[in-house]
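Engineer: This is what each chain is made of:
Number of protein chains: 2
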Amino acid sequence: MIQPNMATMLGFIATDAAVGRDTLQDMVRHVAERSFNVITVDGDTSTNDSLVLIATGRAGNPKILGEGTAEFNRLADCVLEVAQVLAQAIVRDGEGATKFLSITVEGGRTREECVRVGKSIAHSPLVKTAFFASDPNLGRILCAVGNGGIADLDPEMVTLHLGSVLVAEKGGRAAGYTEEQGKAVMAPAEIAIRVGLGRGDESATVWTCDFSYDYVKINADYRS
Amino acid sequence: MIQPNMATMLGFIATDAAVGRDTLQDMVRHVAERSFNVITVDGDTSTNDSLVLIATGRAGNPKILGEGTAEFNRLADCVLEVAQVLAQAIVRDGEGATKFLSITVEGGRTREECVRVGKSIAHSPLVKTAFFASDPNLGRILCAVGNGGIADLDPEMVTLHLGSVLVAEKGGRAAGYTEEQGKAVMAPAEIAIRVGLGRGDESATVWTCDFSYDYVKINADYRS
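Quick mapping for you: the protein sequence lines, in order, are chains A and B.
Residue 114 in the numbering used here sits at position 114 of the first sequence, and the numbers go up by one each step.
Residue 211 in the numbering used here sits at position 211 of the second sequence, and the numbers go up by one each step.
Honestly, the hints are just simulated from the structure, not real lab data.
Hints may be right or wrong, so weigh each one.
Which copy is meant is left open, so a pair is good if it fits within one copy or across any two.
[As the list claims (entries may be wrong)] Within a straight-line C-alpha distance of at most 25 Å, the following computed SDA-like cross-link-like pairs (lysine to any residue) qualify:
#1 63 <-> 17
#2 217 <-> 23
#3 183 <-> 161
#4 217 <-> 147
#5 63 <-> 186
#6 217 <-> 189
#7 217 <-> 59
#8 217 <-> 142
#9 217 <-> 187
#10 63 <-> 78
#11 217 <-> 93
Note that the coordinates shown come from a computational prediction; the quantities given were computed from them, not determined experimentally.
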């Protein structure tokens, strides 16, 4: 958690657009699912996070009503951009974080199962400590994919990219992949992980950070 | 995980009793659910754990057939005792572990929901680092109870004991509880946590350890 003694995260986004009340509620849900609800530092959901979207109507536009209209989509995209920047800032500020990880899961049957696999990777202490060590430990990531709760996942169909490097496919290490390539990808402070599930057209991205000595220090020594 | 480069955990238990094959399978499942399947160090399930129960029949007893008979229960209790000692030994040997935690969840509607709440507590990095710090952080434990996935849990009914001390009830800190009592309970290397859900008669116990600097060290520096 980020501020365990506070209220814990309160997010406010305001727009001058005129938007119907129910439409605004749909929009904030759409945005939260793709920003604040897909970040995690340690998997510990706080008891009292809030995201509030306020529309003053001062822009004088014809009131936006109903999800899926062109106006809804345009405004939702803008609000989402703001929300993602804010949500990612929470991860970058994660306790002891030294690496920022974007985990994209593609080829799922539903967005929900992609989020589930992404969070399984993001919550694995073994994955998080490997990223802290800048170690391209493919087994730990693939193991977390397998622990993502998709009972009928076909391991032969799973692909794994670190950055732009294909590191695993067809149930094993990718042909031509060398650990030097993996190490080069793991060195920077921002790393993209891409998992293909090979069973559908849905995708989702989850953002997280690594797990360092300082995570333990901050969360164990906070009262001394 | 305990030996990430090996096969990973192979458990073998043998008895001279004569037991039918299907009955033996029922017994090993019964035992695994109450021993190896309720321990966790970091929530990272390995890909290839096995528990094998072997019955030679050399004891010459009338063959035990069928779950729930007196003979089945007597043998199952003995095998369970062996399995729990072995399973708990894995936790005591957990990477960087300084504390051994027994988490008992009572008053659930099903054993499964009790296991789920127990594992939610056992997997919370915030709970695990608080135990490393010997800090009686009630909020972190109660938060993990709330994250245990019981949608209609009534927080007013939840009780929390650390050792024999009632620390929380009726949605708040227990009357008369002092932090000095909590700190005294947190000091030893073995700690019992007891959660009451107040909604049924089922219970389950999960065993885990704390989360220390050395967990990160062992899992980040393992290749250097």
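Engineer: Confirm or reject each hint.
Structural biologist: Structure-based check of each hint:
Within a single copy, residue 63 and residue 17 get their C-alpha atoms as close as 8 Å, which meets the 25 Å cut-off; across copies the closest is 78 Å, which misses it. For the homomeric pair residue 217 and residue 23, neither the shortest alpha-carbon distance inside one copy (44 Å) nor that between copies (49 Å) is at most 25 Å. Proximity of residue 183 to residue 161 under the C-alpha cut-off of 25 Å is restricted to the intra-copy arrangement: shortest distance 13 Å within a copy versus 47 Å between copies. Only between protomers do residue 217 and residue 147 lie at most 25 Å apart by alpha-carbon distance; the minimum there is 24 Å, versus 28 Å within a single protomer.
Neither within a single protomer nor between protomers do residue 63 and residue 186 lie at most 25 Å apart by alpha-carbon distance, with minima of 47 Å and 58 Å respectively. Taking the closest pair of Cα atoms, residue 217 and residue 189 come within 25 Å of each other both inside a single copy (21 Å) and across two copies (19 Å). In this homomeric assembly, residue 217 and residue 59 never come within 25 Å of each other (Cα to Cα): the closest approach is 48 Å inside a single copy and 55 Å across copies. Taking identical chains as interchangeable, the C-alpha atoms of residue 217 and residue 142 lie at most 25 Å apart only when they sit on different chains, with a minimum of 22 Å there against 29 Å within one chain.
For the homomeric pair residue 217 and residue 187, the shortest alpha-carbon distances inside one copy (23 Å) and between copies (18 Å) are both at most 25 Å. Proximity of residue 63 to residue 78 under the C-alpha cut-off of 25 Å is restricted to the intra-copy arrangement: shortest distance 17 Å within a copy versus 71 Å between copies. In the homo-oligomer, the alpha carbons of residue 217 and residue 93 lie at most 25 Å apart both inside one protomer (15 Å) and across protomers (22 Å), since each shortest distance falls under that limit.
Consistency note: the structure conflicts with the earlier hints numbered 2, 5 and 7.
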